[in-house]
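Each chain, written out:
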Amino acid sequence: MFKLLEPNKIFQITSKAPRYVLFLFVVVLTVGLTEALILSPEDYIQSDAVRIMYVHVPSAWISLGIFSSITLLSISGFIFKNKNFFLIAKSLASSGFVFNIIALVTGAIWGKPTWGTWWAWDARITSMLILVLFFALYLIAWRIYEKEEKVFKITTFITVIGIINVPIIKYSVDWWNTLHQPASINLLTKSSIHSSMLFPLLIMTAAFALFSLLIFLMKYNTELIKVKNKGLDRL
Amino acid sequence: MINELLFMNGYGTYVLSAFGFTLLSFSSLYFITKLQFAKEQNKFVAKFGSLDSEKANSAKSQRINKEILADATNN
Numbered sequence: 001m002f003k004l005l006e007p008n009k010i011f012q013i014t015s016k017a018p019r020y021v022l023f024l025f026v027v028v029l030t031v032g033l034t035e036a037l038i039l040s041p042e043d044y045i046q047s048d049a050v051r052i053m054y055v056h057v058p059s060a061w062i063s064l065g066i067f068s069s070i071t072l073l074s075i076s077g078f079i080f081k082n083k084n085f086f087l088i089a090k091s092l093a094s095s096g097f098v099f100n101i102i103a104l105v106t107g108a109i110w111g112k113p114t115w116g117t118w119w120a121w122d123a124r125i126t127s128m129l130i131l132v133l134f135f136a137l138y139l140i141a142w143r144i145y146e147k148e149e150k151v152f153k154i155t156t157f158i159t160v161i162g163i164i165n166v167p168i169i170k171y172s173v174d175w176w177n178t179l180h181q182p183a184s185i186n187l188l189t190k191s192s193i194h195s196s197m198l199f200p201l202l203i204m205t206a207a208f209a210l211f212s213l214l215i216f217l218m219k220y221n222t223e224l225i226k227v228k229n230k231g232l233d234r235l
Numbered sequence: 236m237i238n239e240l241l242f243m244n245g246y247g248t249y250v251l252s253a254f255g256f257t258l259l260s261f262s263s264l265y266f267i268t269k270l271q272f273a274k275e276q277n278k279f280v281a282k283f284g285s286l287d288s289e290k291a292n293s294a295k296s297q298r299i300n301k302e303i304l305a306d307a308t309n310n
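The listed protein sequences derive, respectively, from chains A and B. Sequential numbering of the first sequence, starting at 1, is according to the numbering used here. Sequential numbering of the second sequence, starting at 236, is according to the numbering used here.
In case anyone wonders, no lab produced these hints; they're calculated from the structure. Among the hints, a few may not be true.
The list that follows gives simulated cross-link-like pairs (lysine-lysine, BS3-like), each with its CA atoms no further than 30 Å apart [claimed, not checked]:
no., chain 1, residue 1, chain 2, residue 2
1, B, K274, A, K16
2, A, K230, B, K301
3, A, K230, A, K16
4, A, K150, B, K269
5, B, K295, A, K153
6, B, K295, A, K147
7, B, K295, A, K81
8, A, K226, A, K81
9, A, K230, B, K274
10, B, K282, A, K16
11, A, K16, B, K278
The shape of chain A in the complex, shown without the other chains:
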C-alpha cells in the first residue's frame, strides 16, 4: 500500500496539483469572505464583532488537525520505517504553525471588544499558546539536526508530548471556568449555532483547509527536490 505513496510515483501529481488547488482556494475564499463580511447576520449580543469568528475558529480547528496529523504521521513513520511519512509531516508543520498564530492573534483582537482585554491567562488561550510552542520546537528541530535518524526521533518525541495538549485544548472549556464559551458545534448532537452563521463558517473552514493543502503540496515538492539534490551529489 505504501508503494503508492512513493515520491517517484506521486511527484507527477503533486507537482501539478498546486495550480488547481490555488484556483479552487481563491474561488472558495471569495465566496467565504462575501458570506462572512457581508451576507451573514450580526450577533444579537456581539453585533458585528462576531465576524472575527469566521477567521478565528477555522484557524484553530486546522492548527489542531494539523498537529494531530503530524503526530500520527511521525508515529507511523517510526512503526513502518518509512521516511516519506516524516517528509509529509514536516511539509504540514509550517501551515499549522501559521494557523495557530492566526488563531491567537485574531482571538486577541476578538477579545478586546467582547471581554475588554487583548489577553487573559484563560485555559483555552494558554493551551493554544503552548501548542504554538510545540509547533515552533518541531520546526526548529528540523532546522537544527542534520542526521535523519536523530531528527526523526526528536520530532516524534516533540509531537508525542505535544499531542497531550490537544485534548486539553478541546475540553478546557468544559473542565475549567474560562472566558471561552462551551463548544457551539457538535458532530454528535445538534449544534447551537444558527445555520446562517454555520454556513459561512464551514465555507471559510473549507477555504483554509484548501490553503493548508496548497502550502503542504508546495512544501512537499520542495522536500522531494531537496532529496533529489542530495541524490545528484552522490552520483
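Since the structure of chain A is provided, determine the placement of chain B on it from the hints.
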C-alpha cells in the same frame, strides 16, 4: 453602503484587522514557500547542468528527475 460595511457598528477596526492579519499571513506564507521551492528547483537544475553526459543519462533514467526538469522549464 460602503461606509456602513467598513464601520460595522463600531467594530470595523477589529473585524478588518483580524481579516487583514489573516490574509497577510496567508500571502507571506505563500510567497515564502514559493521562493523556497524556486530556490531548490534552481539548485537542482544547476547541479544537473554540471553533470557529465554519463551521469546525466543515469540521473535522467529516474522519472522524478525528468519531471523536476520539465517543471522547471515550464515555470
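Hints, one by one, checked against the model:
| no. | hint | verdict |
| --- | --- | --- |
| 1 | B:K274 - A:K16 | holds, 18 Å |
| 2 | A:K230 - B:K301 | holds, 16 Å |
| 3 | A:K230 - A:K16 | holds, 23 Å |
| 4 | A:K150 - B:K269 | holds, 28 Å |
| 5 | B:K295 - A:K153 | violated, 33 Å |
| 6 | B:K295 - A:K147 | holds, 28 Å |
| 7 | B:K295 - A:K81 | holds, 28 Å |
| 8 | A:K226 - A:K81 | holds, 20 Å |
| 9 | A:K230 - B:K274 | holds, 14 Å |
| 10 | B:K282 - A:K16 | holds, 23 Å |
| 11 | A:K16 - B:K278 | holds, 20 Å |
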